[in-house]
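**Student:** Spelled out from the first residue to the last, the chains are:
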Amino acid sequence: MATSGTKTWKLDVIELIEEAYDRLGGEMTTGHELKTARRSLNILFAEWSNEGINLWTIDSQTYVLADGEGSVALPAHCLDVLDVYLTRQSTDYPMERQSRADYLRISDKDTEGMPRWFYVDRQLTPVMKLWPVPENSSDTLTVYYLSRIEDANSYGNDLDVPSRFMPALCSGLAWHLSFKRPTITPDIRSELYTRYRAELDLAKAGDTEITSLFLRPRHYP
Amino acid sequence: MSSYTTLLSDIPDMLDNQSEELAAELDTLIDLAELMLSRDLDVGAFKHQAAGTIQVGTSLVGKPAGYLAPRYLRLTSSGQLSEYGSKRVLEHKTLDWLLEYWPDDAALDVPKYYAEFDDDRLIIAPSSSDTFAYEIGFRRRLPALSDSNTTNWLTENAYDALLTACLVNGAAYAKDPAQVEVWRGHYATLIEQINREHRRTLRDDRREITKDSENRGD
Numbered sequence: 001m002a003t004s005g006t007k008t009w010k011l012d013v014i015e016l017i018e019e020a021y022d023r024l025g026g027e028m029t030t031g032h033e034l035k036t037a038r039r040s041l042n043i044l045f046a047e048w049s050n051e052g053i054n055l056w057t058i059d060s061q062t063y064v065l066a067d068g069e070g071s072v073a074l075p076a077h078c079l080d081v082l083d084v085y086l087t088r089q090s091t092d093y094p095m096e097r098q099s100r101a102d103y104l105r106i107s108d109k110d111t112e113g114m115p116r117w118f119y120v121d122r123q124l125t126p127v128m129k130l131w132p133v134p135e136n137s138s139d140t141l142t143v144y145y146l147s148r149i150e151d152a153n154s155y156g157n158d159l160d161v162p163s164r165f166m167p168a169l170c171s172g173l174a175w176h177l178s179f180k181r182p183t184i185t186p187d188i189r190s191e192l193y194t195r196y197r198a199e200l201d202l203a204k205a206g207d208t209e210i211t212s213l214f215l216r217p218r219h220y221p
Numbered sequence: 001m002s003s004y005t006t007l008l009s010d011i012p013d014m015l016d017n018q019s020e021e022l023a024a025e026l027d028t029l030i031d032l033a034e035l036m037l038s039r040d041l042d043v044g045a046f047k048h049q050a051a052g053t054i055q056v057g058t059s060l061v062g063k064p065a066g067y068l069a070p071r072y073l074r075l076t077s078s079g080q081l082s083e084y085g086s087k088r089v090l091e092h093k094t095l096d097w098l099l100e101y102w103p104d105d106a107a108l109d110v111p112k113y114y115a116e117f118d119d120d121r122l123i124i125a126p127s128s129s130d131t132f133a134y135e136i137g138f139r140r141r142l143p144a145l146s147d148s149n150t151t152n153w154l155t156e157n158a159y160d161a162l163l164t165a166c167l168v169n170g171a172a173y174a175k176d177p178a179q180v181e182v183w184r185g186h187y188a189t190l191i192e193q194i195n196r197e198h199r200r201t202l203r204d205d206r207r208e209i210t211k212d213s214e215n216r217g218d
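Line order of the protein sequences matches chains A and Z. So that you can map any letter, position 95 of the first sequence is 95 in the numbering used here, and since no number is skipped, the others follow by simple counting. So that you can map any letter, position 200 of the second sequence is 200 in the numbering used here, and since no number is skipped, the others follow by simple counting.
The set of hints was computed from the structure by calculation and includes no laboratory data. Any given hint might turn out to be false.
[Said to hold, decoys possible] DSS-like cross-link-like pairs, simulated, lysine-lysine; straight-line CA separation at most 30 Å: (1) K204/A to K35/A; (2) K204/A to K180/A; (3) K87/Z to K10/A; (4) K87/Z to K7/A; (5) K35/A to K63/Z; (6) K87/Z to K35/A.
[To be verified] Example chain A residues on the side facing chain Z (calculated, C-beta under 10 Å, incomplete): (7) I14; (8) E18; (9) L24; (10) E27; (11) H32; (12) E33; (13) L34; (14) S154; (15) G156; (16) T183; (17) T185; (18) P186.
By construction, the Cβ of each residue, glycine as well, lies at the ideal position given by its N, Cα and C atoms.
All chains should be built: construct the whole structure from the sequences, respecting the hints.
**Tutor:** Rendered as structure tokens:
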């Protein structure tokens, strides 16, 4: 018999939840079980945001700077900034990140010039502080940032997670749901966690940029 | 041959009661007996199929006549089914599960689940995004016996249980508790025998399939 010829298999929210409950033994029967599973899934997404960089959640945005305006409001779903560069007359200039303490040590924060440093104030809606503050309204700032995973809302929606992470996602949700099933013993819960971590670590190991690493001493002439 | 007509004579004979009062109640006794058997027997005769069409935008599907409980519901044709292998078996869920899954019945997609909605209707989710032909398997009541329908599966295959059920109800009608107990005990034995026979048939069928598979080397 012929092979399927397709490589498009994916899980939507409801199928993921069903798979997770199947792993616990016994299908869900009530609407509450469905609702609480979706909540657990969104909590799991937040947990993954704390795990570090998920390459598929890196997003970018470009801002046109305004003369004398040293603050840039980042999207509310921005978790952290990874890389920033300033573009002036078609030339890109990488910028360096400062800590809060470094930024606070700057005595004249309103000094205008070509921005070289940035500090990310991680509020609920994060703000990026530039220094020196922009001296014109033509430079652009491109920000690469780590974004939240899209919410699981409608049960028929696809998941904002690549297929290589599906095993870990199923295991992780099953583990979260095990706390909501009083019949699940600590032993089984522990087994679920072990499998979840193994599958997540495996997926994360593959979620890297395959490039060579060069280490070079800085040369001071 | 056993039939509705033979029941009309066998019930008074077995109860040793040829009164006109009993004769006037015979149809009721037969109806009650059929009801008892439909609840107690677990045999293939109560399984039935029907077909229909679900229109675009529909979320409620009428139950077929005689419907007691669902066995399966599957979509059998639509252009939108091609990616699912041309037919799709819907999964049975509880109503509150289904309403949580698909809260907006105006949103359309290929149906995936179904649940009992009320006495007359099933609800599917998502609401139908196309016109689908469907087939429904269900447990049903057998066509009731009457002077215009004198035979059914019960008269042909379980006449002993049918008659005994009539006698349980007949003895109760005659206010004879001792006879009720006698016939009830006999009825329970017959029900167990018939259900056991059906289970054995299912087991034998499976064994035959297994043997065939072994012979083919599957």
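**Student:** So, for every hint listed, does it hold in this structure?
**Tutor:** Evaluated hints:
1. K204/A to K35/A: Holds: K204/A and K35/A sit about 28 Å apart, inside 30 Å.
2. K204/A to K180/A: Status holds; Cα separation ~27 Å.
3. K87/Z to K10/A: 20 Å, holds
4. K87/Z to K7/A: 21 Å, holds
5. K35/A to K63/Z: 29 Å, holds
6. K87/Z to K35/A: Distance of about 29 Å is within 30 Å: holds.
7. I14: OK, holds: I14/A within 10 Å of chain Z, min 6 Å.
8. E18: Holds: closest Cβ of chain Z sits about 9 Å from E18/A, inside 10 Å.
9. L24: 16 Å, violated
10. E27: Interface hint status for E27/A: holds (9 Å vs cutoff 10 Å).
11. H32: Hint on H32/A: holds, closest Cβ of chain Z at ~8 Å, below 10 Å.
12. E33: 7 Å, holds
13. L34: 5 Å, holds
14. S154: 8 Å, holds
15. G156: 6 Å, holds
16. T183: 19 Å, violated
17. T185: With a closest approach of 26 Å, the T185/A hint is violated.
18. P186: 28 Å, violated
Comparing the model with each numbered hint stated earlier shows that hints 9, 16, 17 and 18 do not hold.
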